[in-house]
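There are 2 protein chains.
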Amino acid sequence: MKKSKEVKNAAGRMIPVEVNGKPVIPYQGVGKYRPTGRRFAPKLVSCADYPADGNKLVSSLKEALIKAGLKDGMTISTHHHFRDGDIIGNLIFDIAHEMGIKNLVWFPSASFSCHAHLIPYLEDGTINRIEGSMNGPLGRFTSEGKMKGVGVLRSHGGRYQSVQDGEVQIDIAVIAAPTADPFGNATGDRGPAACGLLGFALADSQYAEKVIVVTDNLIPFPCVPWQIQGNYVDYVVKVDKVGIPEKIVSGTTEITKSPDRLLIAEMTAMFCDEAGIIQDGFSYQAGAGGTALSIGNFFENILRERKIKARFIRAGSNKYPVKMLEDGYVDYILDGQTFDLEGVRSMRENPGHLNTSPFTSYNYHGKGNFASMVDVVILGATEVDVNFNANVVSHSDGYLLHGIGGWQNCIFSKCTILPIPLFRDRIPIIVDDVFTLCGPGELIDVIVTERGIAINPLRKDLIKKMKGSKLPIKTIQQLKAEGEAICGKPQKPKTTDEIVAIVKWVDGTVIDAIRKIVK
Amino acid sequence: MKKSKEVKNAAGRMIPVEVNGKPVIPYQGVGKYRPTGRRFAPKLVSCADYPADGNKLVSSLKEALIKAGLKDGMTISTHHHFRDGDIIGNLIFDIAHEMGIKNLVWFPSASFSCHAHLIPYLEDGTINRIEGSMNGPLGRFTSEGKMKGVGVLRSHGGRYQSVQDGEVQIDIAVIAAPTADPFGNATGDRGPAACGLLGFALADSQYAEKVIVVTDNLIPFPCVPWQIQGNYVDYVVKVDKVGIPEKIVSGTTEITKSPDRLLIAEMTAMFCDEAGIIQDGFSYQAGAGGTALSIGNFFENILRERKIKARFIRAGSNKYPVKMLEDGYVDYILDGQTFDLEGVRSMRENPGHLNTSPFTSYNYHGKGNFASMVDVVILGATEVDVNFNANVVSHSDGYLLHGIGGWQNCIFSKCTILPIPLFRDRIPIIVDDVFTLCGPGELIDVIVTERGIAINPLRKDLIKKMKGSKLPIKTIQQLKAEGEAICGKPQKPKTTDEIVAIVKWVDGTVIDAIRKIVK
Chain A
15 MKKSKEVKNA
25 AGRMIPVEVN
35 GKPVIPYQGV
45 GKYRPTGRRF
55 APKLVSCADY
65 PADGNKLVSS
75 LKEALIKAGL
85 KDGMTISTHH
95 HFRDGDIIGN
105 LIFDIAHEMG
115 IKNLVWFPSA
125 SFSCHAHLIP
135 YLEDGTINRI
145 EGSMNGPLGR
155 FTSEGKMKGV
165 GVLRSHGGRY
175 QSVQDGEVQI
185 DIAVIAAPTA
195 DPFGNATGDR
205 GPAACGLLGF
215 ALADSQYAEK
225 VIVVTDNLIP
235 FPCVPWQIQG
245 NYVDYVVKVD
255 KVGIPEKIVS
265 GTTEITKSPD
275 RLLIAEMTAM
285 FCDEAGIIQD
295 GFSYQAGAGG
305 TALSIGNFFE
315 NILRERKIKA
325 RFIRAGSNKY
335 PVKMLEDGYV
345 DYILDGQTFD
355 LEGVRSMREN
365 PGHLNTSPFT
375 SYNYHGKGNF
385 ASMVDVVILG
395 ATEVDVNFNA
405 NVVSHSDGYL
415 LHGIGGWQNC
425 IFSKCTILPI
435 PLFRDRIPII
445 VDDVFTLCGP
455 GELIDVIVTE
465 RGIAINPLRK
475 DLIKKMKGSK
485 LPIKTIQQLK
495 AEGEAICGKP
505 QKPKTTDEIV
515 AIVKWVDGTV
525 IDAIRKIVK
Chain B
15 MKKSKEVKNA
25 AGRMIPVEVN
35 GKPVIPYQGV
45 GKYRPTGRRF
55 APKLVSCADY
65 PADGNKLVSS
75 LKEALIKAGL
85 KDGMTISTHH
95 HFRDGDIIGN
105 LIFDIAHEMG
115 IKNLVWFPSA
125 SFSCHAHLIP
135 YLEDGTINRI
145 EGSMNGPLGR
155 FTSEGKMKGV
165 GVLRSHGGRY
175 QSVQDGEVQI
185 DIAVIAAPTA
195 DPFGNATGDR
205 GPAACGLLGF
215 ALADSQYAEK
225 VIVVTDNLIP
235 FPCVPWQIQG
245 NYVDYVVKVD
255 KVGIPEKIVS
265 GTTEITKSPD
275 RLLIAEMTAM
285 FCDEAGIIQD
295 GFSYQAGAGG
305 TALSIGNFFE
315 NILRERKIKA
325 RFIRAGSNKY
335 PVKMLEDGYV
345 DYILDGQTFD
355 LEGVRSMREN
365 PGHLNTSPFT
375 SYNYHGKGNF
385 ASMVDVVILG
395 ATEVDVNFNA
405 NVVSHSDGYL
415 LHGIGGWQNC
425 IFSKCTILPI
435 PLFRDRIPII
445 VDDVFTLCGP
455 GELIDVIVTE
465 RGIAINPLRK
475 DLIKKMKGSK
485 LPIKTIQQLK
495 AEGEAICGKP
505 QKPKTTDEIV
515 AIVKWVDGTV
525 IDAIRKIVK
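Chains as they are written, first to last, in my numbering: chain A, 15 to 533; chain B, 15 to 533.
Careful, some of the hints might be misleading.
What the hints assert, rightly or not - Quick list of in silico lysine-lysine cross-link-like pairs, BS3-like style, CA-CA up to 25 Å:
1) A:Lys-533 <-> A:Lys-162
2) B:Lys-533 <-> A:Lys-81
3) B:Lys-508 <-> B:Lys-488
4) A:Lys-57 <-> B:Lys-224
5) A:Lys-224 <-> B:Lys-224
6) B:Lys-116 <-> B:Lys-160
7) A:Lys-261 <-> A:Lys-333
8) A:Lys-479 <-> A:Lys-506
9) A:Lys-224 <-> B:Lys-57
10) B:Lys-76 <-> B:Lys-224
11) B:Lys-488 <-> A:Lys-57
12) B:Lys-81 <-> B:Lys-255
13) A:Lys-57 <-> B:Lys-57
14) B:Lys-533 <-> A:Lys-46
15) B:Lys-36 <-> B:Lys-162
16) A:Lys-46 <-> B:Lys-261
17) B:Lys-428 <-> B:Lys-321
18) A:Lys-321 <-> A:Lys-428
19) B:Lys-36 <-> B:Lys-81
20) A:Lys-479 <-> A:Lys-428
21) B:Lys-488 <-> B:Lys-428
22) B:Lys-224 <-> A:Lys-46
23) B:Lys-36 <-> B:Lys-116
24) B:Lys-488 <-> B:Lys-160
25) B:Lys-57 <-> A:Lys-36
26) A:Lys-46 <-> A:Lys-116
27) A:Lys-224 <-> A:Lys-252
28) A:Lys-57 <-> B:Lys-337
Just so you know, the hints here were simulated from the structure itself, not pulled from any lab data. It should be emphasised that the depicted structure is a prediction, and the values quoted were computed from it without experimental measurement.
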């Protein structure tokens, strides 16, 4: 791995001046960097070079990749709507390996345990690096310094931004689609492997040089809804199985039963209520974890009691927000990815359950996006520091084990709350300085733990509103001291100087570097 | 008007080498020209420069235009979904005139009689020229050589292509929207002035430097469906009335009662049937004129009798295809513009009634489009010549009185049929050489008149299929002779050398020039 000169960015983090041979822009602060260029402009094409009858079928993924000109050094993109049930992501690199292609860049919207299959290809040079979330085994592989190139972590919005801005130029996008027609129109909301939507592949379809749609459910034109538009697609491939829908359900999708987590959830909901956030027509985003789902449940109870309704829920949907929509407690679900098959069904059937994309929801280099309009978002974190800076990608042992997802984008909401336990496995979560900086403290408004709530001193309005509350409002320093009193001061993981990955901010600048762990 | 050097293009037409000070590319034949550049790339922007709460409201259209930097020489775009009920198109130039702005280019997707209001602004130099369809009075004004710049006529697909390719760079797009939210999400399918869809404004929203949404029905975020995405919008303006929905219903929207036209319609339907085009799962496009609607009616009867259904109808929708959809004779309507309020209702209510755009349907510089996949399209023409070339923009007196609409795009269908009377007002329609060339004969397959049907000699397959038919199959020369025997040979309109407008082909090349009429 090439050593690069380093500079200190506006967050005080040392970051490389170039990554994978290209110069990068250091983080300059929230809302400080202004892009100066133009959107990436794909080459013009002509209908004269596409079949007039709209039939773009080719016989296999291998044939499609060959027709698309697969060669050494290309950037290949995939989406992660199948989550741990992805098949096609692995198949592409099996083919590339078989063809002897080297030095590819894999640009997934996220990777999962199933992609451990790719480790031999990372070792033998078929794949040079992953630019995208590295959940689980690929993160560990990266943290151990084994990836040839430097990993680049981006939020969902940052991924769209990087493609739109031409920072990442996708040579071939492969879009696994639960239903498609021979023209390339594709949808995720129906078919035997229905996964809900295909929003994470939107940028890929719009900006990639070549676009391949792979489906196991080919229907006559038109495939409706055309979540991916065939007018962007070069080739269509029919396979036997495009993904494993049962494995879309990843992580926790049931309300927590842990007493500590239920307490945190209840405190969070009470905080939102006392702060005046829960009003008729309000909006919120709660993730798919057990605590977040429980908070949504508390919100629903408040809405029911007061006979009011929310205007919209931003989701990751599953059966809980779907039921709220069907019961009339919310007008709309604005959904970025479905986390269970009830979410898939609802998106297919209910015109109030809308599929969104990182373009509408998260792209920071647009004329606004949905994320900053949400009244309150509930998010997780692996660590928070006394300046409210937060880490979501690395664990207490320093290993890169999570993707950023939409987290960086969501913290632009009107009120960002992190409900977190004060410690996990006897390691305190509130620290002096986060190991990896993913989100600047100025965008994190409230920390809720089982032993107290800390409000960011910048949010004088919230502090004022909570004066006289019976909730245990404390300073973040108090919370840190309580955690350390129980567990002791945590040790920082040991690293070498070698940079194995970088973390991008929503505007494409580099907010932090991740270094090789010393075992 | 500046005189330009002229060259002969591949259709044998003399065209200028430059238009409005910019070089143009002569037409090279169907599918011959290949674009070499890249799509137009709008400047990058940052959410940091847009309101975080998503509220982009400004107090008036004038304020929005000033904020958008309105100045001399700019290109201002509007859409025509309100047809003759447009209000905002005129209002923009009232404001520009009041501000003393000069030399604007108006880039509408079409203009109508109501836009005669703009003639004083064309005379006083507020507007330099119109690039877009000029139906009625503005066409006459242009034909008389009164417009300062040279008009540029494009098909709906050509308009998208010109924006996508950067041939036309829109400075300010003003999008009149029947419903919108403060973020700029907008829809045409609901609200007091509901006009169906906003597809003609799609390119404008994606590529214009500044985008203004004007509505008389402002609702809380999110406006659903977001036919126009707020992420592309700079300013939102609330007005009292955004358009006159009663006037959306323009032209003929009832089945013809004329015996001659009914005969032509029946012959067309019989031809399609005998040629084997009407099968289970077939697709067609019939326009909104009385003859075309009548053909649709014949198709419906055939489907009913045989208990089969069409896969899709490409429309301009009105109550007739809507009823077919609701009665189950077709799976989908793929709709580009609604021609009556039943079309609007259906689009709002029926998930099988889909809104499309020139991008999906017509853009020739894409990876295919819908138009070439349609089994049969029924279109009109003002003139056809013995080589099957057709004219849709100028009348027999030479005046420019019609837009191209989607006509050039639609003739890429698998079978293009022009059902036309042999003469109108005692002037024959079939001529030696069309006055204005809009569509090359090789794409026109069949001419149906009340006195016979001519099949293009290039369509040997159709000729073979119709061997032994009882329908009056004739040569186009025979049809021409019959027309001339009744009405005499028509005189060509007299023109000067001065070029007042050009006609673009679907690929942005220039297929013909239109010259000033000698009265």
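Structure-based check of all given hints:
no.: 1; hint: A:Lys-533 <-> A:Lys-162; in the structure: 19 Å, holds
no.: 2; hint: B:Lys-533 <-> A:Lys-81; in the structure: 58 Å, violated
no.: 3; hint: B:Lys-508 <-> B:Lys-488; in the structure: 31 Å, violated
no.: 4; hint: A:Lys-57 <-> B:Lys-224; in the structure: 24 Å, holds
no.: 5; hint: A:Lys-224 <-> B:Lys-224; in the structure: 30 Å, violated
no.: 6; hint: B:Lys-116 <-> B:Lys-160; in the structure: 16 Å, holds
no.: 7; hint: A:Lys-261 <-> A:Lys-333; in the structure: 16 Å, holds
no.: 8; hint: A:Lys-479 <-> A:Lys-506; in the structure: 36 Å, violated
no.: 9; hint: A:Lys-224 <-> B:Lys-57; in the structure: 24 Å, holds
no.: 10; hint: B:Lys-76 <-> B:Lys-224; in the structure: 14 Å, holds
no.: 11; hint: B:Lys-488 <-> A:Lys-57; in the structure: 46 Å, violated
no.: 12; hint: B:Lys-81 <-> B:Lys-255; in the structure: 22 Å, holds
no.: 13; hint: A:Lys-57 <-> B:Lys-57; in the structure: 17 Å, holds
no.: 14; hint: B:Lys-533 <-> A:Lys-46; in the structure: 63 Å, violated
no.: 15; hint: B:Lys-36 <-> B:Lys-162; in the structure: 15 Å, holds
no.: 16; hint: A:Lys-46 <-> B:Lys-261; in the structure: 48 Å, violated
no.: 17; hint: B:Lys-428 <-> B:Lys-321; in the structure: 24 Å, holds
no.: 18; hint: A:Lys-321 <-> A:Lys-428; in the structure: 24 Å, holds
no.: 19; hint: B:Lys-36 <-> B:Lys-81; in the structure: 29 Å, violated
no.: 20; hint: A:Lys-479 <-> A:Lys-428; in the structure: 15 Å, holds
no.: 21; hint: B:Lys-488 <-> B:Lys-428; in the structure: 21 Å, holds
no.: 22; hint: B:Lys-224 <-> A:Lys-46; in the structure: 22 Å, holds
no.: 23; hint: B:Lys-36 <-> B:Lys-116; in the structure: 19 Å, holds
no.: 24; hint: B:Lys-488 <-> B:Lys-160; in the structure: 43 Å, violated
no.: 25; hint: B:Lys-57 <-> A:Lys-36; in the structure: 22 Å, holds
no.: 26; hint: A:Lys-46 <-> A:Lys-116; in the structure: 38 Å, violated
no.: 27; hint: A:Lys-224 <-> A:Lys-252; in the structure: 17 Å, holds
no.: 28; hint: A:Lys-57 <-> B:Lys-337; in the structure: 42 Å, violated
Consistency note: the structure conflicts with the earlier hints numbered 2, 3, 5, 8, 11, 14, 16, 19, 24, 26 and 28.
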